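Protein chains in written order, with our numbering: chain A, 1 to 319; chain B, 1001 to 1329; chain C, 2001 to 2365.
Mixed in with the good hints there might be a few duds.
Keeping only pairs whose Cα atoms sit at most 30 Å apart, straight-line, the calculated DSS-like set for lysine-lysine is [claimed, not checked]:
id : chain 1 : residue 1 : chain 2 : residue 2
1  : A       : Lys120    : B       : Lys1211
2  : A       : Lys263    : B       : Lys1320
3  : B       : Lys1320   : A       : Lys120
4  : B       : Lys1265   : A       : Lys206
5  : A       : Lys313    : B       : Lys1119
6  : A       : Lys145    : C       : Lys2308
Read the hints as simulated data drawn from the structure, not as lab findings.
Being a predicted model, the structure only gives us computed values, none of them experimental.
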Amino acid sequence: MKAEKLNLKLLFIKGSRVVVLLVLFIVFSVFTENFFRFDNWSNIGNILLQEAPFYMMLALAMVIPMIVGGLDLSVGSNISLSSFVCAMVIRETENPLLAIIAGLMVGCLIGTLNGYMIAKIGVPPFVATYSMDWIAKGAVLVISKGGQITGFNSFRAIFNSWRGTYLLISLVFMVLAWILYTKTVFGKRTYCVGCNAEAARISGMKSAQIRILAYLASGFVAAMTGMMYISKLGAAEPTLGGAFTMEAIAAALIGGASFVGAKSKISNALVGGLIIVVLNNGLIHIGVPGVWQDCAQGVIIIAAILLERLLEKMQTERS
Amino acid sequence: MNKVKNFLKGISGSSWAGIALIIFFAVAIDNYLGSRNLMNILRSTSALVVVSVGMTMAILLGEIDMSVGGVITISATLAGMYMQAAGTVTVGTVVIAVIICCLVGLAFGLFNGFMIGIKKFNFWLVTFGSMSISFGLAKGVTNGGVISGFDKKFQWISTGRVLGISTCIIWAVIICIISVLILYKTRFGLHIYAIGDSEVCAANSGINVRKTRFWVYALSGLTAGLAAVLLLARTNSAGATIGEGYEFSAIAAVVIGGTAMEGGKGGFKGTIFGAIFISAMKNGLQLIGLSNYWQQVLLGVVIIAIILYDVINARVRFKKSLRRVYSEG
Amino acid sequence: MKKKLLGVLLTAVVTTSLLAGCGSSEEPAAPAAQEEPENVEEAEEETEAAGEVAEPEEATEEAATSEGIDTSENYLEGKKIVVLLKSYTHMFWVEAANEAEMLADQYGCEVEILAPTVANSNEEQIELLENSLVSPPDLYIIVPADSQGIAPAIAEINNEGIPIVNVNTQITDESVSYDSYVSANQYDLGYTTVSTAIEKLGEEGKAIVIFGKPGAQTYMERDEGASAAFAEHAGWEVLDNQVANGDRNEAMTVMQTLMTKYSDIDLVYAEDGEMALGAAEAIKAAGKEGEIKVVGDNSSVEICDAIKSGALYMVYDDAAWSQMETGFKVANLVLGGQSVEDTYYSPIYLVDSDNVEEYSKRYDE
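Based on the provided sequences and hints, a complete structural model is requested.
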């Protein structure tokens, strides 16, 4: 009996960010009219189908490099560059498959370059991805000359024909990433590398390669997110993604991920993305003016880490 | 010949880049080395270098303070709001505005320092949270608007001239000198390097790690407040976005200047150079007449090139030194 | 060794600047130095008077219109003009930049287009202007992101005695001066868009306003105009006013959320074209096309297409190209030593399903 009780408490404490999510959800449901109603799921539908998938993908693109102890500041510009290239290919060839491949390749290229600089040459991740961010931002402006591409309806139909496509894609990515990084040998090796890259290398793991693959994965996810975005918006703009990097970091951090290597989980991306979306959506429903959203996000971050500390203390007190 | 070779090898990537840059721009642009342009560069560096000084300390610890951009924004905004509410502006009002700015910066710094240093929360989470809160507060209290148009007395802090030099440059120099003294001449500075090198060793040798950390973040917040004063006076405007990007520029300035992100190595001299370098680059790229779009690409390329050079150089020298040890032994 | 060289370099830079600074005889930027180039007067009275509704395709009587400008002589040939914009990624400014280059070809003058990398950054704009003074042009066309914040840079330009034509967002600091202000009246724009929409839709309804970038003068004025228009019609209720930063994605997200909060929306006024398109996209995704009418400001090829397809109900175009065209005409006069008015209003154009075919022909050239 006692063993079961303890397990529940442990779950509760380990999932402190899920607690935050639930608390927010309950608060918003209780104090507003249309956030959540038993008879009208339009808002929940809105959140799950239209908003959450994107934030979850953004968080995922950030969490994977975090596992290996780094970060990717180029997520935002990766999104805009790869999605713009995708749109360009559609414009020239009208072939959606080719366009998707092109976009994904651009994202992977950026990710690989990041990974190579960080893992093989030894540039600190912050600097490498920061510079890449500038380069990609500039690159998309150069090829777009500030203009936009619109009118690729056949491409959009691929994603928009069913309302749940975005959610499906993001969940598939989540599940695949989860399987890859927790259930496979490769995943376990990635965590080892994140924990201590040098020790991993000495024990025979291809440490550099694993790190490069982590950044490659991040670039891949970012590129996919970019294509989802242009389908949703109906336009490819060079300014897309300006604030995404910070949002990705916020989502990952709120979800419980950490920049200390090997301390992040894929589920952090899921939870983090949901928290951000629920928070932003709920604030509008409660009537908090949009200008206070950023402040609220910051407060939630601090509250979440305080809560986590509190729960940890409770756990150690009991034992 | 060997001596010359060694000398050349010892020059860091950023120094090479700095030399190359100056030569290239001086040749390609009229009046690049003229007083007007140099003043422009130094003026736009003033706020950056002040905030980078605080960031240097955090990076020397092996950590970063992501909140500085937001702290600059909220400090400037509150000071600006005070001046607008004050109506007629006297020298006293200006002084109080400056104090408000610094106090707000210090307040955030103390919060960060308390949470990170004393309560041992993760620095990324705390400073990112502070960043969101400070930017968000600035957005909220101004309702998204800007506050601009301040009295000339306040503007003088940055745009006045003493002996022909803009006042903001003078303030920046003074702050830099004070910081250099703190870092290199006090035990506090020594402790920072020690902790950055190895926290465990530092703790074992009796250094109060928590206190040192606390003060590093507090000072980082204070320098952000000071930078906010200079920025506010120079740009005559405050609002939700004026400090955006400063946290990244500060980190870039510190890293380009040779301070390693793992901590324990580097210092202010490098940072000052890094900050001037970034401003000079932006300035030169604009004057050359490159399209705006290419400017951004080149900025990223140059930063990465410098770091690549430094990193590769360091590895080569490390390997060489290993070889020497093993061959002599 | 490294440190030594750094130190030497640093000292060199600082010393050079110190010596150079001491050597030159620049005057200190005296507080409130009033310059007196030709025709200096603040256009504040004009702004008040222009609060009335401007009929589409006409300008108010008080200020001069761009039609009345004498363009017989070309004084711009061979001269250099620096054009400072607020950003170079927003469709409005891309149009303005293209127009400026085209006009420069027409007039035979050299034009340099500057814009901050971070849109609407006052600090960058000040730096850009200060840098440009290293090789000063013959005239500036300036669109400030911050009407008062830009003052320090304007003061420097005044010190050099270079003329300024102020376009789109007025410089409102009283201690600096410029030669003329050219714009579509932003307050007017907001007011007219909303009033016309209400005229077409009826006396009752519920509306949403989507605000642009916080702190940006143009959005704030449009918002004021729109609020005034709504206030005049008691039957209309403004349900909410949310920020979308001039970004299409944000506008779409905001609109989607608002549609779940309010079940009954008739009209959406988005303060610029990008946001209008974003809102329209959200409405389409929810299947409510036709139920909720979207109106906005600005125009472009895409916006015209949207009007044709019914996604957008109508827009008022404050015509970046028209403002730039008028700006160049005024610049021409200024450099020719001719007298200019304090304010010129370039017209705003209604684009709706009736005239969109005609209007969009403009973009085919």
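Evaluated hints:
Our distance criterion of 30 Å between C-alpha atoms is broken by Lys120 of chain A and Lys1211 of chain B, whose separation comes to about 37 Å. For the hint pairing Lys263 of chain A with Lys1320 of chain B, the CA-to-CA distance comes to about 35 Å; that exceeds 30 Å, so the pair is violated. Taking the CA atoms of Lys1320 of chain B and Lys120 of chain A, the gap is near 18 Å; set against the 30 Å cutoff, the hint holds. For the hint pairing Lys1265 of chain B with Lys206 of chain A, the CA-to-CA distance comes to about 29 Å; that is within 30 Å, so the pair holds.
Taking the CA atoms of Lys313 of chain A and Lys1119 of chain B, the gap is about 13 Å. The hint holds against a cut of 30 Å. Taking the CA atoms of Lys145 of chain A and Lys2308 of chain C, the gap is near 26 Å; set against the 30 Å cutoff, the hint holds.
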